[in-house]
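**Q** Below, each chain spelled out in residue letters.
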Amino acid sequence: MTLHGKAILEVRKINRAKDNLLTTNQFTFTLKSIMVGIATLSIPNTVIKVSKQDGWISILLGALYPLYLVIIANFMSKNFPKDNILVLSKKCFGNFIGSILNFIFISFFLFSLTLEFSGYSNVFRVYGVSFLKNYQVLLTALIPISFVAYKGIKTLGRLNEVGFYLTIALIVFPIGILAYGSFYNLMPVFGSGLNNVVKASKQAVVAYSGMEIIFLIYPFIQDRKKLLKCGLLNTSIVTFIYVWVTIGTIYYLGVETSQKYLWPVITLADSIQIPVINSFRYIFITLFSLVEFKCISTFYFAVSYGLNQSIKKVSAKIFTILLYPIIIIITMLYGNITNTNYYAEKLVPIYVIFNLTYVSIIAISIYLKRGVNYRKA
Amino acid sequence: MLIIEKHKICILITVTLIYILCFIGVKGELVENLQIPVGVGADIDSANTYKVPFLAYSFEDDKITSRIYNGNSKSLGETRENRQLKSATKSMIGLTRVFVFSEHIAKFGLRNFLDICINNANINDRALCVICKGTSEDMLQYKVEGYPNSAEFIDGMVKNLQEFNFFSLQYTLIDLLVRVDTEGRNALLPIVEIKDSTIETTGLAIFKKDTMVGKADLKEARIINILKENNVKGILTLQKDSKKFINCYTVSKRKMKCDKINGKYKFIITLDLKGNIVSNELYDNINNDHTVLKKFEEDMKIDVEKMCNESINKIKCEYKTDVLDLGRIAASKYGKGTGTDWNKVICDSDIEVNVKFSVITEGRGDF
Numbered sequence: 001m002t003l004h005g006k007a008i009l010e011v012r013k014i015n016r017a018k019d020n021l022l023t024t025n026q027f028t029f030t031l032k033s034i035m036v037g038i039a040t041l042s043i044p045n046t047v048i049k050v051s052k053q054d055g056w057i058s059i060l061l062g063a064l065y066p067l068y069l070v071i072i073a074n075f076m077s078k079n080f081p082k083d084n085i086l087v088l089s090k091k092c093f094g095n096f097i098g099s100i101l102n103f104i105f106i107s108f109f110l111f112s113l114t115l116e117f118s119g120y121s122n123v124f125r126v127y128g129v130s131f132l133k134n135y136q137v138l139l140t141a142l143i144p145i146s147f148v149a150y151k152g153i154k155t156l157g158r159l160n161e162v163g164f165y166l167t168i169a170l171i172v173f174p175i176g177i178l179a180y181g182s183f184y185n186l187m188p189v190f191g192s193g194l195n196n197v198v199k200a201s202k203q204a205v206v207a208y209s210g211m212e213i214i215f216l217i218y219p220f221i222q223d224r225k226k227l228l229k230c231g232l233l234n235t236s237i238v239t240f241i242y243v244w245v246t247i248g249t250i251y252y253l254g255v256e257t258s259q260k261y262l263w264p265v266i267t268l269a270d271s272i273q274i275p276v277i278n279s280f281r282y283i284f285i286t287l288f289s290l291v292e293f294k295c296i297s298t299f300y301f302a303v304s305y306g307l308n309q310s311i312k313k314v315s316a317k318i319f320t321i322l323l324y325p326i327i328i329i330i331t332m333l334y335g336n337i338t339n340t341n342y343y344a345e346k347l348v349p350i351y352v353i354f355n356l357t358y359v360s361i362i363a364i365s366i367y368l369k370r371g372v373n374y375r376k377a
Numbered sequence: 001m002l003i004i005e006k007h008k009i010c011i012l013i014t015v016t017l018i019y020i021l022c023f024i025g026v027k028g029e030l031v032e033n034l035q036i037p038v039g040v041g042a043d044i045d046s047a048n049t050y051k052v053p054f055l056a057y058s059f060e061d062d063k064i065t066s067r068i069y070n071g072n073s074k075s076l077g078e079t080r081e082n083r084q085l086k087s088a089t090k091s092m093i094g095l096t097r098v099f100v101f102s103e104h105i106a107k108f109g110l111r112n113f114l115d116i117c118i119n120n121a122n123i124n125d126r127a128l129c130v131i132c133k134g135t136s137e138d139m140l141q142y143k144v145e146g147y148p149n150s151a152e153f154i155d156g157m158v159k160n161l162q163e164f165n166f167f168s169l170q171y172t173l174i175d176l177l178v179r180v181d182t183e184g185r186n187a188l189l190p191i192v193e194i195k196d197s198t199i200e201t202t203g204l205a206i207f208k209k210d211t212m213v214g215k216a217d218l219k220e221a222r223i224i225n226i227l228k229e230n231n232v233k234g235i236l237t238l239q240k241d242s243k244k245f246i247n248c249y250t251v252s253k254r255k256m257k258c259d260k261i262n263g264k265y266k267f268i269i270t271l272d273l274k275g276n277i278v279s280n281e282l283y284d285n286i287n288n289d290h291t292v293l294k295k296f297e298e299d300m301k302i303d304v305e306k307m308c309n310e311s312i313n314k315i316k317c318e319y320k321t322d323v324l325d326l327g328r329i330a331a332s333k334y335g336k337g338t339g340t341d342w343n344k345v346i347c348d349s350d351i352e353v354n355v356k357f358s359v360i361t362e363g364r365g366d367f
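These protein sequence lines map, in sequence, to chains U and R. The first sequence: position 173 = 173 (this note's numbering), numbered continuously. The second sequence: position 27 = 27 (this note's numbering), numbered continuously.
In short, the hints are calculated from the structure, not lab data. A virtual CB, placed ideally from N, CA and C, is assigned to each residue, including glycine. It is possible that some hints are incorrect.
Listed next, the stretches of chain R that the computed footprint assigns to chain U, with coverage defined by at least 3 CB atoms under 8 Å from CB atoms of chain U [what the hints assert, rightly or not]: (1) 123–133; (2) 331–339.
Below, in silico cross-link-like pairs of lysine to any residue (SDA-like), each with a Cα-Cα straight-line distance of 25 Å or less [as the list claims (entries may be wrong)]: (3) R/27 to U/131; (4) R/264 to U/133; (5) U/133 to R/29; (6) R/8 to U/318; (7) R/27 to U/189; (8) R/257 to U/247.
The task is simple: from the sequences and hints, build the whole structure.
**A** Have a look at this one:
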């Protein structure tokens with residue numbers, strides 16, 4: 001082979017490597033799409049239960065959780081820009097314990113995915129396609145979702161980038177409610193007591209889960225220096241969405257009426273009145289499924305990529321195909337929304353605590369043995 | 001990777017099969033086979049049987065007519081079953097434009113009906129709600145001349161109530177849902193009646209939670225509307241006899257203030273009324289003389305204040321309900337969820353009304 005040919009091959013290799021990396025926007029919006037899912041539709045209720053009209057303050061406080069994760073991720077990325085958390089945990093805990101903890105970490109994504117999917121199926125069947133059965137929705141909806149996950153991180157990043165604008169439009173669209181509601185519903189601020197506000201912020205943290213994916217995908221970012229900026233931007237976007245949705249719901253429906261709905265945010269869509277179309281609800285829920293598809297795809301990618309990183313022999317694509325029936329089966333087991341919420345309330349907090357300790361311990365051990373043992377291992 | 005390349009065709013076939021298997025036997029619905037109700041009634045008789053009549057369009061050749069489908073049962077959900085036995089089409093709830101509650105069910109309580117509405121994701125939340133005298137079936141069945149059915153007439157009538165009489169457009173289903181259980185709020189719904197071979201709005205029904213507790217006639221309803229709603233329109237009149245009177249088309253602006261003095265609440269309602277003179281035969285030379293105009297403004301102010309105070313006394317003594325949503329203002333200042341019964345508190349507290357009246361235009365001239 002000539003020298004020239006070698007050079008071309010080299011350039012191609014670099015290009016291919018670049019193709020696998022995410023731009024700053026794509027990275028930010030990938031983080032955003034994994035967080036903004038079905039929880040957006042019911043988040044006002046989770047906080048209103050405890051902190052009443054001050055629910056939005058609890059949500060602001062809850063944003064500390066993703067902020068913490070971003071800071072830790074930034075720290076890890078500075079020390080080990082090419083290794084994701086699964087590799088680091090093996091270095092930290094040893095091969096055996098590290099692998100077990102990694103599997104628990106990955107199972108969190110699988111569990112969140114199925115909860116999300118079950119919630120999606122329930123919302124969609126109530127508001128949109130009441131004539132379809134659960135399995136019909138699940139089997140068909142999972143095909144495009146798995147296709148995106150199958151195509152890998154770059155496709156996912158592009159989809160999330162395009163979809164971001166749709167999400168923002170959908171969430172900000174119900175601004176028409178300002179004509180109907182009342183500021184009296186939001187008053188008095190801090191009337192429910194600081195104690196309750198803090199208590200409710202624990203519930204809000206659950207809605208922010210999903211941010212953990214940053215530890216899996218930070219090696220994919222093109223410009224590593226911008227990781228912190230991406231993370232902060234994403235956290236502020238998500239916090240803005242949640243706070244707006246909560247303030248909107250309290251403003252429009254009030255504390256008491258909001259709790260009568262399972263998904264009060266869909267009610268906000270009704271404030272848009274278009275002649276001929278009876279209610280904007282159907283259009284909202286149809287467009288929202290696209291948001292939901294992005295969210296589930298990102299979870300799907302996290303699971304298949306994580307498994308691939310643990311068992312290197314099997315490619316991520318094969319894992320994607322193998323996961324399809326598993327996801328369907330687990331999702332079918334949840335059934336109706338009350339059951340889904342029951343499992344979510346029980347297990348998600350445990351996972352959040354696990355993730356927090358898992359991530360923190362790795363970070364601390366990196367800090368303690370900075371540059372000594374790790375580099376050699 | 002190789003494995004996938006080899007079996008690409010298998011995956012393709014599986015995906016196609018999944019789609020085919022999932023959608024075998026799913027079919028759409030013909031519009032002729034659908035019962036599309038425009039008006040839904042709700043009634044309960046003395047034997048506690050719910051009666052829910054649907055007023056639905058029916059398509060004959062090229063003519064569209066409407067027909068009543070009755071559903072009677074001991075519980076609300078079962079009325080659907082009962083109605084299906086009497087109809088030749090499949091019911092599709094969702095395009096409703098009017099809910100007509102009879103006085104009877106309003107006094108019995110609307111909670112069950114609101115519950116079935118909130119459960120159904122297809123219900124039109126912007127449908128208008130009215131209370132009717134007599135049974136709701138009679139009201140829906142009534143033929144109004146020039147309109148295909150009574151539901152469309154009521155829909156148009158209630159939507160345009162806001163033009164006069166200080167009504168404000170807050171009689172949709174979602175407005176009712178929002179008001180029923182919220183602290184310090186009470187719903188008002190217009191009462192419609194069949195009178196002189198047409199349907200007419202004759203007053204306001206006053207609600208405490210989900211039950212109707214009183215009826216205000218139109219004269220009183222106007223004052224309640226002025227006091228309760230912001231930015232409403234109507235005509236104020238001073239009259240001596242049938243030849244001497246002055247009409248003023250007024251737009252109102254209302255502000256509320258709440259204070260707590262020694263554990264007792266005090267409310268101050270400030271009304272800022274801006275009037276356009278429509279007709280005037282009472283005051284001479286009003287367009288040229290500044291003092292006459294001032295006198296008219298003063299007279300009107302005293303008259304409105306008197307009416308408001310009478311009305312507030314009636315609210316305190318007769319309805320014993322927080323009709324004016326004053327509890328909400330107090331709650332938003334002094335804390336929610338304290339378990340205060342605002343209906344009781346309002347009856348014991350001072351309500352002061354300050355009226356400002358000013359004329360902005362006098363029209364083309366004076367005859």
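**Q** Could you run down the list of hints and mark each one as holding or not?
**A** Hints and how they fare:
Figure legend: the segment 123–133 of chain R, annotated as covered by chain U; annotation consistent (3 residues with Cβ-Cβ distances under 8 Å, at least 3 required). For the segment 331–339 of chain R, the assignment as covered by chain U holds, since 7 residues bring a beta-carbon within under 8 Å of that chain's beta-carbons and 3 suffice. Between residue 27 of chain R and residue 131 of chain U the alpha-carbon distance is near 9 Å, which keeps this suggested pair within the 25 Å criterion. Distance check on the hinted pair: residue 264 of chain R and residue 133 of chain U sit about 58 Å apart at the alpha-carbon level, beyond 25 Å; violated.
The hinted pair formed by residue 133 of chain U and residue 29 of chain R meets the criterion: a straight-line CA distance of about 17 Å does not exceed 25 Å. About 12 Å separates the Cα atoms of residue 8 of chain R and residue 318 of chain U, which keeps this hinted pair within 25 Å; it holds. The straight-line distance between the Cα atoms of residue 27 of chain R and residue 189 of chain U is roughly 52 Å, outside the 25 Å bound, and the hint therefore fails. Taking the CA atoms of residue 257 of chain R and residue 247 of chain U, the gap is about 24 Å. The hint holds against a cut of 25 Å.
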